[in-house]
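Peer 1: Residue numbers (my numbering), protein chains in the order written: chain Y, 1 to 89; chain U, 1 to 109; chain R, 1 to 167.
Since the hints were derived computationally from the structure, they do not count as laboratory data.
Wrong hints could be hidden among the right ones.
Only some residues are given here: those of chain R computed to face chain U with a beta carbon under 10 Å [unchecked claim]:
(1) L11
(2) V12
(3) T13
(4) L24
(5) P71
(6) L74
(7) V78
(8) A80
(9) R87
(10) D96
(11) S105
(12) C118
(13) T122
(14) T125
(15) T127
(16) F129
Not the full set, but computed from the structure, chain R residues with beta-carbon under 7 Å of chain U [what the hints assert, rightly or not]:
(17) L22
(18) G26
(19) I77
(20) L79
(21) I100
(22) N117
(23) I128
(24) P132
(25) H140
(26) L142
Ideal placement from N, C-alpha and C gives every residue a C-beta, glycine not left out.
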Amino acid sequence: MISAFLGIGLLTVLTILLCSYRAVVGPGVFNRMAAVNVIGTKTVVLLVIMGYYFERPLFFDIPLLYAMLNFIGTLVFAKYLERGELCSW
Amino acid sequence: MLLVDVIVTILLTSGMFFMCIGAIGLLRFPDFYTRLHATGKCDTLGEGLIIVSLIIYHLFHYPGTPLMAVKLLFLIIFIFIANPTAIHAIVKAAYRRGLKPWRLGERRR
Amino acid sequence: MNRGEKGFGILVTFCIMFLFWLILSGFFDAFHLIAGVVCSAIVTLICHGLLVKGKSQKMFLKSVRLFLYIPWQLWQIVLANLDVAYRVLHPKMPIDPRVIECETSLRGDFALTTLANCITLTPGTITIFVEPGKGKFWVHALAKEPADAHLVDKTMQRKVADVFMEW
């Protein structure tokens, strides 16, 4: 069972590498931002699986926190790209 | 124990299948909006399936700490609400900035 | 919004924050409980207007109906994700994207948010823009069948209107 987690973790790293191709190449800033959001989501899954692989189930306050940080980062970037400024002071 | 292992493996494999579909869609589709269709949704469902399988695994292998399963459930609910909202924010920013959608028959962007 | 509704909003927000503290911490001795009460009180005082906007009518009934609506939505998500998987893996990639505009009868904040989230979650459609005053949605559809299921059938809009009782 534990070795299945290692296989799933390696497959997740492979998909992250596939997505980083779009982050490097993607024409324009919007493609790159979408790719970074996707990489952040897959990193959360990778962290949870690593917590179970190393048999430390108390590990996943960290993926919960990183999911929130990723969400807020994406929202801030989208708002900046839409309006050209973050706050109108 | 064997039945639990089988269920966890099936759910893990199907979750992984959907996440691979998301990554392949990001590479294959011809336009920004269509790429977000593939990733934003298949990613969310794949993650939901993987974390559900880990909840079942946790309840059977670490029976002393049931609160961790509730934390994982919070993670699923948060991802189901936050991922579509982030996708909608990116799409709205792109549409306001004038990025035109791709119609059938045009060149790949 | 008078003082009674504001007090109700503050109380509900404090209860939700304290519930989260209890579930996420796992320790039930005196020190952690008192620390939880103090932290929840500080957070509630700072931002009570964000979570609960006072008392609306028949809130309990709407929550129960929302809870019953979720399994149908999950089943739709699974079905439609299989459809997107078929479109990605097919060697000819049968997509035909277009932008459509549809009108709904929903006006409340929470109802519009729920419908926009559900539209973005079922593959084939992404919400681009929402006008809160008139209930209009701009939606980007991947092919003709999801667009038709949304414009012509209007199944999801009817179900969400049933949940929030805003026909």
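Peer 1: Determine for every hint whether it applies to the structure shown.
Peer 2: To see whether the hints hold, each was checked on the structure:
Given hint, R:L11 at the interface with chain U, is violated; its Cβ is 22 Å from that chain's nearest Cβ, farther than 10 Å. Given the 10 Å rule on beta carbons, the hint for R:V12 is violated: about 18 Å separates it from the nearest Cβ of chain U. The closest approach between the C-beta of R:T13 and any C-beta of chain U is roughly 17 Å, which is over the 10 Å cut-off, so the hint fails. Checking R:L24 against chain U by beta carbon gives a least distance of about 7 Å; that is within 10 Å, so the hint holds.
The closest approach between the C-beta of R:P71 and any C-beta of chain U is roughly 13 Å, which is over the 10 Å cut-off, so the hint fails. Taking 10 Å as the C-beta cut-off, the interface hint given for R:L74 holds, the closest approach to chain U being about 9 Å. Here the hint on R:V78 is kept, as its CB sits about 7 Å from the closest CB of chain U, short of 10 Å. This hint holds: R:A80 has a C-beta 8 Å from the nearest C-beta of chain U, less than the 10 Å allowed.
For R:R87, the shortest C-beta to C-beta distance to chain U is roughly 8 Å, which falls under 10 Å, so the interface hint holds. A cut of 10 Å between beta carbons decides the hint on R:D96: the least distance to chain U is about 5 Å, and the hint holds. The beta carbon of R:S105 comes no nearer than 21 Å to any beta carbon in chain U, farther than 10 Å, and the hint placing it at the interface is violated. For R:C118, the suggested interface contact is upheld, since its CB lies about 9 Å from the closest CB of chain U, less than 10 Å.
Interface hint at R:T122: satisfied, since its Cβ lies 8 Å from the closest Cβ of chain U, which is below the 10 Å cut-off. A cut of 10 Å between beta carbons decides the hint on R:T125: the least distance to chain U is about 8 Å, and the hint holds. With a least beta-carbon distance of about 5 Å to chain U, the hint placing R:T127 at the interface is held under the 10 Å criterion. At its closest, the beta carbon of R:F129 sits 6 Å from a beta carbon of chain U; the interface hint therefore holds under the 10 Å criterion.
Restraint check, R:L22 versus chain U: the minimum CB separation of about 9 Å is more than 7 Å; hint violated. Against a cut-off of 7 Å between C-beta atoms, the interface hint on R:G26 holds, since the closest Cβ of chain U lies about 5 Å away. Residue-level restraint check for R:I77 holds (minimum Cβ-Cβ distance to chain U is 6 Å; threshold 7 Å). Annotation: interface hint on R:L79 violated; nearest CB of chain U at approximately 11 Å, more than 7 Å.
About 11 Å separates the beta-carbon of R:I100 from the nearest beta-carbon of chain U, more than 7 Å, and the hint is not met. The criterion of a C-beta within 7 Å of any C-beta in chain U is met by R:N117, whose closest approach is roughly 5 Å, and the hint holds. For R:I128, the shortest C-beta to C-beta distance to chain U is roughly 5 Å, which falls under 7 Å, so the interface hint holds. At its closest, the beta carbon of R:P132 sits 14 Å from a beta carbon of chain U; the interface hint therefore is violated under the 7 Å criterion.
For R:H140, the suggested interface contact is upheld, since its CB lies about 5 Å from the closest CB of chain U, less than 7 Å. Contact between R:L142 and chain U, as hinted, is supported at the beta carbon level, the nearest pair being about 5 Å apart and thus within 7 Å.
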